[in-house]
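Chain residues, written in single-letter form:
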Amino acid sequence: MKKIRLAAGLGFYGDNWEPIRAAIEFGEVNYVCSDHLAELTLAILRKDQARDAAAGFTRDLVPMLSALWPMAQQAGVKFVLNAGGLNPAGARDGLLAAFKAKGWTARIAVVTGDALLDRIDDLRAQGQALAHLDTAAPIDEVRERLVFANAYLGAAPIVEALARGADIVLTGRVADAALFLAPLIHEFGWSLQPSDAEGWNRLAQGLCVGHLLECSGQGAGGNFGSAGAWQKVPDLPHIGYPIAEVFENGSAVITKAPGTGGRINFHTVRQQLLYEVHNPARYLSPDVVLDMSTIQLDELGGNRVRLRGATGSAPPPTLKLVAGYENGWMGSAVLGFCWPDAMAKARAVVASIKTQMDEKRMRHEELHVEFLGHNSFLGPHADTSREAELNEVWLRMAVRAADKRVADAFPRLFPWMALSGPPFMGGFHGIQPASQLLGLWPSQVARELIEPLVKVELSEVQPS
Amino acid sequence: MKLRLAEMAHARSGDKADRADLGLFAWDAAGYAALARVITRERIATHFAHHLGSADPGRVDLYLLPNLLAIKLVLNGALNGGAALSLRSDNLGKALGAQLLRMEVELPTDEAAIVLAGVKLALENF
Chain A
1 MKKIRLAAGL
11 GFYGDNWEPI
21 RAAIEFGEVN
31 YVCSDHLAEL
41 TLAILRKDQA
51 RDAAAGFTRD
61 LVPMLSALWP
71 MAQQAGVKFV
81 LNAGGLNPAG
91 ARDGLLAAFK
101 AKGWTARIAV
111 VTGDALLDRI
121 DDLRAQGQAL
131 AHLDTAAPID
141 EVRERLVFAN
151 AYLGAAPIVE
161 ALARGADIVL
171 TGRVADAALF
181 LAPLIHEFGW
191 SLQPSDAEGW
201 NRLAQGLCVG
211 HLLECSGQGA
221 GGNFGSAGAW
231 QKVPDLPHIG
241 YPIAEVFENG
251 SAVITKAPGT
261 GGRINFHTVR
271 QQLLYEVHNP
281 ARYLSPDVVL
291 DMSTIQLDEL
301 GGNRVRLRGA
311 TGSAPPPTLK
321 LVAGYENGWM
331 GSAVLGFCWP
341 DAMAKARAVV
351 ASIKTQMDEK
361 RMRHEELHVE
371 FLGHNSFLGP
381 HADTSREAEL
391 NEVWLRMAVR
401 AADKRVADAF
411 PRLFPWMALS
421 GPPFMGGFHG
431 IQPASQLLGL
441 WPSQVARELI
451 EPLVKVELSE
461 VQPS
Chain B
1 MKLRLAEMAH
11 ARSGDKADRA
21 DLGLFAWDAA
31 GYAALARVIT
41 RERIATHFAH
51 HLGSADPGRV
61 DLYLLPNLLA
71 IKLVLNGALN
81 GGAALSLRSD
91 NLGKALGAQL
101 LRMEVELPTD
111 EAAIVLAGVK
121 LALENF
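In order, the protein sequence lines correspond to chains A and B. In terms of my numbering, the first sequence opens at residue 1 and continues consecutively. In terms of my numbering, the second sequence opens at residue 1 and continues consecutively.
Please note that a few of the clues may not be correct.
[What the hints assert, rightly or not] List of simulated lysine to aspartate or glutamate pairs, EDC-like, C-alpha gap at most 20 Å:
1. B:K2 / A:D383
2. A:K232 / B:D28
3. B:K16 / A:E326
4. A:K232 / B:D56
5. B:K16 / A:E39
[Unchecked claim] Here are the in silico distance ranges between beta carbons for each label pair:
6. B:A49 / A:E451: 36 to 46 Å
7. B:D56 / A:K47: 28 to 38 Å
8. A:P380 / B:K2: 11 to 21 Å
9. B:A49 / A:G14: 33 to 43 Å
10. A:R282 / B:A49: 41 to 51 Å
11. A:G189 / B:V38: 41 to 51 Å
12. B:D56 / A:E141: 42 to 52 Å
13. A:E248 / B:R43: 41 to 51 Å
Treat the hints as calculated values from the structure; they're not laboratory data. We put the CB at the ideal spot given by N, CA and C, even for glycine.
Could you build the full structure based on these sequences and the hints that come with them?
Here it is as structure tokens:
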């Protein structure tokens with residue numbers, strides 16, 4: 001039976017691409033599928049693009065492919081990446097220029113049509129409420145403050161790009177797992193509108209494979225949330241990102257390249273399987289709805305786990321849309337206190353700051369206080385029994401304000417304490433500028449208004 | 001006998017907008033049977049009331065996955081507005097899994113011994 005091996009690429013913008021070398025060199029893979037876009041990455045890219053119209057794609061794309069392409073091309077390995085971000089055409093142009101300068105060849109496709117910020121009014125006029133998925137609030141509430149709005153596209157345009165001969169496919173926002181499902185559909189000729197349950201289950205298996213690989217090392221024992229087990233995951237500095245060996249009938253084995261670190265077993269795979277899925281019986285995607293409650297993971301030994309039994313059903317008539325909107329400012333400061341009375345002094349400073357804020361009438365919506373190294377992660381579940389004798393305490397305070405001036409002024413409340421506050425404190429490393437806070441607006445949009453406008457363009461770079 | 005969940009389970013947490021999303025995993029079938037009995041929406045809401053703003057179990061979704069010996073928990077509105085709105089250092093809720101593992105549960109002594117023996121074996125074979 002025909003099989004295809006998919007390699008996990010990056011799991012976020014800024015992730016390490018070195019493990020991908022091992023997958024190409026020793027992992028016998030056919031495709032590398034790389035997820036550069038977390039929910040908020042588009043907000044970062046939007047700021048880049050505001051400064052430079054040619055930016056707006058993830059800047060790791062060009063160095064990553066400059067490092068990997070010769071090896072990949074020689075091995076016949078193709079790439080599918082959502083590194084296009086808000087500017088897939090710009091990503092292509094950047095890559096074309098870099099490849100041309102090196103005299104390399106490649107066929108590069110771009111997928112566009114996910115970016116909807118310029119179409120919001122048009123979509124509203126066509127009857128799309130774009131209401132908040134959880135609160136049902138109308139998008140008009142945040143319309144003037146939107147900074148990006150993108151639909152999650154499915155596998156179809158990537159399949160088209162591969163069918164037209166692309167070696168490298170660059171997309172903007174697509175469902176993360178669709179980056180992986182698409183090459184399977186292309187290679188195996190799976191239908192995206194199957195006529196039977198078997199067909200939906202194949203798509204579900206493919207989507208599930210994508211979900212297991214989309215977070216790079218997290219699918220291979222990285223970030224293994226545990227007490228006493230994480231130490232048993234070997235050689236994390238040389239972790240092998242997960243590789244999926246997928247068969248034409250949809251059955252799959254999760255593994256990694258030989259000689260790499262990390263661990264693929266029942267435990268590490270299921271931690272990733274349930275990561276950020278919400279209702280596991282209804283994991284939505286544009287191509288198939290995946291039910292994980294029927295899945296079986298079989299431990300095969302030797303860093304191999306078989307995935308079987310995923311069940312699928314037809315996707316909804318809508319695509320997920322996530323928009324980001326400006327929503328106030330944060331000002332913050334960090335300051336350290338040494339024994340004796342470290343915690344008592346930190347609390348005294350919190351009281352001083354509150355007094356100053358009242359006296360200066362600094363209007364704010366929320367004031368957050370946490371003690372780094374003591375309770376910032378565990379909150380009320382931190383052990384406070386030795387609080388009076390702590391070696392040191394680091395205070396972090398953060399304020400939320402609608403007015404940027406309040407957020408900017410906040411860290412300026414601190415410096416005087418160096419000479420006029422409690423003793424034995426330090427580590428105040430300057431005034432941090434206010435940072436803009438962004439709200440996310442999850443919504444949905446009718447797919448028939450989006451998908452007909454999705455475009456796939458192919459370019460070829462050849463030595464001049 | 002009192003056990004911390006850290007002694008009998010593993011966990012990972014993540015985010016989607018203002019929702020924290022946690023997976024809680026038993027090491028074997030006996031551990032799963034115990035977890036599935038003691039972990040309730042009410043307990044979770046109480047444990048995370050400081051993040052949820054109240055101990056209302058209506059804010060918690062709980063899904064049992066016997067096929068994976070796991071429980072999926074979703075805490076709606078637990079991330080201070082969401083990662084890019086949050087004032088917290090842990091704006092993505094990455095440590096909420098650890099907070100969950102801090103929870104103490106009461107198991108009959110016989111059952112606790114079986115569960116702990118299962119954990120020991122699973123860790124040896126990890």
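Worksheet entry | Hints breached by this structure | 4, 10, 12
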